[in-house]
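Position chain B against the provided structure of chain A, taking the given hints into account.
Number of protein chains: 2
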Amino acid sequence: MHITAGQKNGRVLLRPLGGVGEIGKNMMAVEYDDAIFIVDCGLTFPGKDAPGIDLVIPDMTFLRENSRRIVGLFITHGHEDHIGALPYFLKEFQVPVYATRFTTALAEAKLQEHGLRLPKGSRVVRPGETFNVGPYRVLPFRVNHSIPDSVGVALWTSLGWVVFTGDFKFDYTPVDGEVTDIARLGELGREGVFLLCADSTNAERPGVTGSERTVGPALERAMALAERRVFVASFASNVHRVQQVIDAAAACGRKVAISGRSLEQMVTLAVEHGYLKVPAGIMVTVDEAAKMPPHKIAIVTTGSQGEPLSALSRMARGDHRQLQIQAGDTVIISATAIPGNEKDVQRTIDNLYRLGAKVVYGTEAKVHVSGHAAQEEMKLMLQLLRPRFFVPVHGEYRMLVQHAELARQVGVPAERIQIVENGQVCEVTQNRIRITGTFPAGEVFVDGLGVGDVGNIVLRDRRQLSEDGILIVVVGLAKTTGQVVAGPDIISRGFVYMRESESLLEEARARVLSALTGRNGNGGPVTEWSTIKSLVRNALAQFLFDKTKRRPMILPIVLEI
Amino acid sequence: MHITAGQKNGRVLLRPLGGVGEIGKNMMAVEYDDAIFIVDCGLTFPGKDAPGIDLVIPDMTFLRENSRRIVGLFITHGHEDHIGALPYFLKEFQVPVYATRFTTALAEAKLQEHGLRLPKGSRVVRPGETFNVGPYRVLPFRVNHSIPDSVGVALWTSLGWVVFTGDFKFDYTPVDGEVTDIARLGELGREGVFLLCADSTNAERPGVTGSERTVGPALERAMALAERRVFVASFASNVHRVQQVIDAAAACGRKVAISGRSLEQMVTLAVEHGYLKVPAGIMVTVDEAAKMPPHKIAIVTTGSQGEPLSALSRMARGDHRQLQIQAGDTVIISATAIPGNEKDVQRTIDNLYRLGAKVVYGTEAKVHVSGHAAQEEMKLMLQLLRPRFFVPVHGEYRMLVQHAELARQVGVPAERIQIVENGQVCEVTQNRIRITGTFPAGEVFVDGLGVGDVGNIVLRDRRQLSEDGILIVVVGLAKTTGQVVAGPDIISRGFVYMRESESLLEEARARVLSALTGRNGNGGPVTEWSTIKSLVRNALAQFLFDKTKRRPMILPIVLEI
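Which chain is which? The protein sequence lines are A and B, in order.
Quick note on numbering: numbering that gives the first Met the number 0 labels position 262 of the first sequence as 261, and the sequence is numbered without any gaps.
Quick note on numbering: numbering that gives the first Met the number 0 labels position 504 of the second sequence as 503, and the sequence is numbered without any gaps.
Bound-form chain A, shown alone (with noise of 0.2 Å):
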């Protein structure tokens, strides 16, 4: 590619719609020249502050209002949190989708889940050749990261490249070969980056990372060690683990058999695109592996995370149809707890010791790597690029703070590091990096078919209810004269125990009754519901506080009759 030098007026807007000061839900829109970029489409998997909720996708309110203004989407792998929110997405904007071939695949099935396509104009990228969109002349460049074919990607403007890692490390040794194009990074370098928004993930660890490599002797070790089964749990798109898994199981003799949807879907997509190579002869079906000797077979599963409806959690918890763990069964968790899922994991492990398994899990067992880099290789990245501006992305705050510290320790100036988040517009001259405003950048709830639906109120609700449950009152009044006509009746769901607490609702109806016949009040029965419904949640809150110290969510119901 010929870059002539350019004008070094202008500037780069960035709004993180997601991912920034926060894990989860990457998205990124860089605006240059009046058109917008998109980098990433991801989503999150809610914790348990947001019970019920299945999927959190980016607000794309601002680019709802800016929508003829998006050139294009570029997706930098295809792990949930990068390309998750594009059904979503692309229901809304028509603009085309710029990744690499596997990532195209994965978005593909994808979408076709959703009954959609990928848009017009949308292509399959190749890392290292450049391509125009809108102002943009674009530059995907190979990266080392935990699912095949992932890409970070450049941007040329007028005042220097813009360049996103996406997720990122640095593997010498990759299962691929495919190794971070490092000569590429450096000519990039050479030739001038303006700004560099950097995966900040492992901010906090020292060191390096290490090569996914590494991870196969010790699967193999603890193959050849096993008596009987061996079970690997690993993420599904994992697929340099999975070959590793099935190389070590050829290694030893075992045939290799696939328990779970999402496994088997991303292995035959895997297969079908050539990223998995798969010796002949060696899969077999769960029911063809529960007749073979013990010691002939390996099943690769999902369920690292401890997922409750996961396979490996099924079997952990003896209710998997087809496959049950034995005493003497190997189980090898090749993955480490998202933070959140910890207990889960934990619990996982216990049951399939209490089930007689032997688990090897933990950094000691080495049958893991993350994907991301870790501080020196943040370093190196740097160093490659030596770029003039520096925000970091893909982290929680703490994350951010660290590799702001990181850019600081090998030269940037601390006036040229700027910690963006979710919502904040980032400016960046040639001269200077600022926030210079906020747009709405907040969480869309998916619960079940519903896209937003779902907001603070209806979670502070279910929050509520879960801590203390729900006493219904229901009464019903004569329309004329106002008087309690049937009920009250009290129903509690969540609260107490009703069949043993009899005497406690007998009481609170008796308080209810009292209240709304005026006996506490002006002397006349009372008419106005607003009214109404106050006397009822006054007669009960106090009262069952002091009788419970709880606080259930206390609902009137009035019937006119």
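Worth flagging that the hints you see were computed from the coordinates, not collected in a lab.
Some clues are possibly wrong.
To be verified - Simulated crosslink set (SDA-like; lysine to any residue; CA at most 20 Å straight-line): (1) A:365 x A:205; (2) B:365 x A:204; (3) B:532 x B:508; (4) A:532 x B:490; (5) A:365 x B:203; (6) B:548 x B:489; (7) B:47 x B:508; (8) A:342 x B:345; (9) A:47 x B:349; (10) B:546 x B:508; (11) A:548 x A:499; (12) A:478 x B:203; (13) B:342 x A:22; (14) A:109 x A:93; (15) B:548 x A:308; (16) B:342 x A:44; (17) A:47 x B:45; (18) A:254 x A:283; (19) B:109 x B:272; (20) B:47 x A:46.
What the hints assert, rightly or not - In silico contact screen, one side only, chain B against chain A (beta carbon under 8 Å); selected entries: (21) 273; (22) 342; (23) 358; (24) 456; (25) 558.
Small disclaimer: the values here were computed from a predicted structure and weren't measured.
Where is the CB? At the ideal position from N, CA and C, for every residue including glycine.
Relative to chain A, chain B alone:
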């Protein structure tokens, strides 16, 4: 003490009421010669799986049914998971309580809040001095742990010593100079340990834990580097940690303020009993601290677990009444997150960084060491005591398995090691150890004032409510005819936001009405209440699932008018 070799028959029964196969609510009933001796009486703070529950205590049904055979309760140390259920225990069982001086002081403070006292016959015990309880000769022995005055306890029986380590580690340079009594442990080993029950908490950690004293220099270094105020978050009960914070502050010319009610109480008690040495003039109030130059102040606070209501979390959110975190302040997290608390701790750290604080945390910072033995210390304990039989306790199942493996490594034959779980009866005779039965040992939930009135049904309701909310259908039926004379009215909470879902709820209402007026049924009105309720549920459940893919609790309420 003079030991005579006893007869070699008889048996010991272990009945763990808690703390074995789980972390928390440690309570072990030992039975020998028909007399039940209890070691510890702890509680658990429940996880997010038990919403609204304040505390979990052991199910004491077995004790209730055998109360006349209980001869005493021994408490090894003052942590809540060993002492916390004492008030609930003493409301039912008036047996003598044995504990060291500081543990007794903590017990008395706790009982006072419940309007209780230690029963007659209770006594303060001294490590190394034996006393008799029923058929047992009892020997408390000094151990190191993260609270002062911790001990293990050995019981002499005709079979030899039965030893409970309590929570322990080997600290050769403890802050208070009180080392785990290695010599005495060796002596017990020489005299003959029949059965050892040892702490398994850190059985997954290789190496040794390290001395509490190593934390002091790291604290002092962080304080010396700090240009403004220093906050140190720690567990209130870790008196030696507080001592080291005070010493580091003194060395750096800083005054010390205490923030947080539990910490103030603990410091008062520790000073009063001589466990905390405070240089004259160093302590100031939080209000005084606020007026002093920032580099002259260190503030000890609670909230190392990110507890939302703790002093530190409130400061991090900017809603603490007296203390605001300012840019340039240093916050030292002198603790590690208990499993399940990781996200809360991380959120607190993120918020502190957002306020511009420097945060010192994590293993690299060396500002925390565990209070529990790691693998090499566990082996040392096993080698000192050389027990005939071994039962790993205090730990989740996988930790018990690891600890059992360590015992095998140091030479305890596999058939003399028994993993026991809460609710299992473990019988140990001269020749063998085995599980001989079970007893009721579930969890008793404390919610507000209620002890045990919230059970699994209520919790199941709370979880369902928190996932998808509730939909209440109220209908008034004429007593005589069964005709609908009021409603149906539909109210929802935690399901959908009602104002934005009017058409959905209107259609739901129509479906209920149609079901009740019998148009879909046998032509006439229905009068059986249970039939009416299931008609309503059936009419709605599938309809709502099809429309929303959610399954709210559906609660039909029928008023007879």
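(message) Of the numbered hints stated earlier in the document, which are not met by this structure?
(response) Numbers 7, 12, 21, in rising order.
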